[in-house]
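Order-wise, the sequence lines are chains A and B.
Residues in the first sequence are numbered from 1 upward in steps of one, following my numbering.
Residues in the second sequence are numbered from 1 upward in steps of one, following my numbering.
One or more of the hints may lead you astray.
No more than 25 Å apart at the CA atoms, straight line, and that leaves these computed lysine to any residue pairs for SDA-like [unchecked claim]:
#1 A:Lys46 - B:Thr34
#2 B:Lys139 - A:Pro8
#3 A:Lys114 - B:Asp59
#4 A:Lys114 - B:Arg208
#5 A:Lys269 - B:Thr34
Chain A regions said to be covered by chain B (calculated; three or more residues, Cβ under 8 Å) [claimed, not checked]:
#6 35-43
#7 55-65
#8 105-119
#9 136-150
Hints are computed from structural coordinates only; laboratory data are not their basis.
Note that the Cβ used here is the ideal one computed from N, Cα and C, for glycine as well.
Here's the letter readout for the chains.
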Amino acid sequence: MDKAKQIPIYDSARQGSPAVEEMRSVLKYRYLIVQLIRRDILTRYKRSSLGVAWTMLNPLGTMLILTIVFSRAFGGSQEGYAAYVLSGLIAWNFFAQSTNAATLHLVWGGSLLKKIYIPRTSFAVSATGTGLINLLLSLIPLLLVMLIIRVPIRWTIIFMPIPILFLAMFALGIGLLISTMAIYYADIAEMYQIFLTAWMYLSPVIWSPEILPEVYRLWITKLNPMYYLIELFRMPIIYGQVPDINLLLISAGIATITLFAGWMFFTSKSDEFAYRV
Amino acid sequence: MMNEAQTGSDNQDTVIRLEAVGVRYRIASERVATFKEYMIRRFQGKIALGDFWALRQIDLQINKGEMIGLIGPNGAGKSTLLKLIARVMRPTKGRVWVKGVVAPLLEFGAGFHPDLTGRENIFLNGALLGFTNDEMQEKFDRIVDFAELWEFIDVPVRNYSSGMAARLGFAVATDIDPDILILDEVLSVGDEAFQRKSLARMENFRDRGATIILVSHNMETILEMCHRSVWLDHGQIVMIGESKQVVTSYKDAQGPIDISDGD
């Protein structure tokens, strides 16, 4: 007891709620999160000559194709379609990549989880972190495209952190839900891929809601959480508007509830992971 | 609970205490690996959950500075017991109490990323073990010295020989001052020179007062290194006591044919 060094004591009988414990652990292991993000960024493009530039070139290329192919079909009347579709893609890619990576990394890290103690949410949190860095990088080509096609960049851009935060919370929540299920059933990851593709086409990524027939509009927009999040994402940057308060509140609600649900679900099951992976 | 906590603080020497610990694996009688399969079977009403107790009624106290051996056939529950102590798993029943920093030895190189250099992997692996960047910075030179890898430290690990990777993994994992060290059959990896080096490091830990738990199928190692041993079988403690006696009884029980099997 008189030792200067503080001796940690672990007592399985005296553990608080798993959700809170996990949060504490993640804070304690923040260096691990940083290292995992670093690893993802470094290794993703390590063996390519253009390196991190691919983060920006990838959505640009897709935008170019989509603009050429679809600008007449969907939203042909819309000015600045290139910026519209690029912003949609950036938001969507962030969501899709973060949730996918959360699942993959948890399965990859499974062998580690059996051997050493690390916070189990590390993988989902770092996947979202990596996604955030990619998202921020891809805002550069978006601003360039806006300059080129003369979409005005307004001061409202300072609101961008808000939609990005909500998007990240939502992605983390879904990532935790999907990765938990993927631990139990190997085909969940595959099913999620198909689901994601469908979800993207049901979200206003490449089309704008105005082109929807009245009958479907309600179903495709109002009941789709990504509809709100993508619209909120576009508002300050593409539309040059201060985020609408209703949209803001709905998005905040979606983000908070999803993250809460994902975190609770994941941490309630995570003690079993070592048995399953 | 209060009473138990008090007995714990009374005995200064105890670093690990297991009280009536049980671990239950809930397993489907046949493993259902996919969601599709699960749904199909569920509709057919064919999901039968079976309980399997990997550990039952384990009571164990380990004191500070002890080097304790853990023996038993495959599936006896040895690894499960280690996981409980390393916090990887939580007991279904009973209580696990551990005082001090536990250092589980990763299989050498587990958690390495082949595309990252040795240097980058040292920091990644350090973070997995719970160290900060600053702490790893401080350790870095010592680790590379021990692994004898200065020449290759900025080369991606994919270009390392397995021996080099093992050396690096070992150097990172053991450049710590743990109170409790868990060794799960790891001493059998690497060439002879490396094994000697790692053995010396183990002895060094012991001399500094660390508690070491060693799992091995090699009875020579157990006899050589551990004063006390625990014999586990079917999730229960069969015998606990001086290594010599435990190993003798264990060998007798195995019968004349010695089938040495790896995990």
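**Request:** Identify every previously stated hint that the structure contradicts and give their numbers, smallest first.
**Result:** As far as the earlier hints go, 1, 4, 7 and 9 are violated by this structure, in ascending order.
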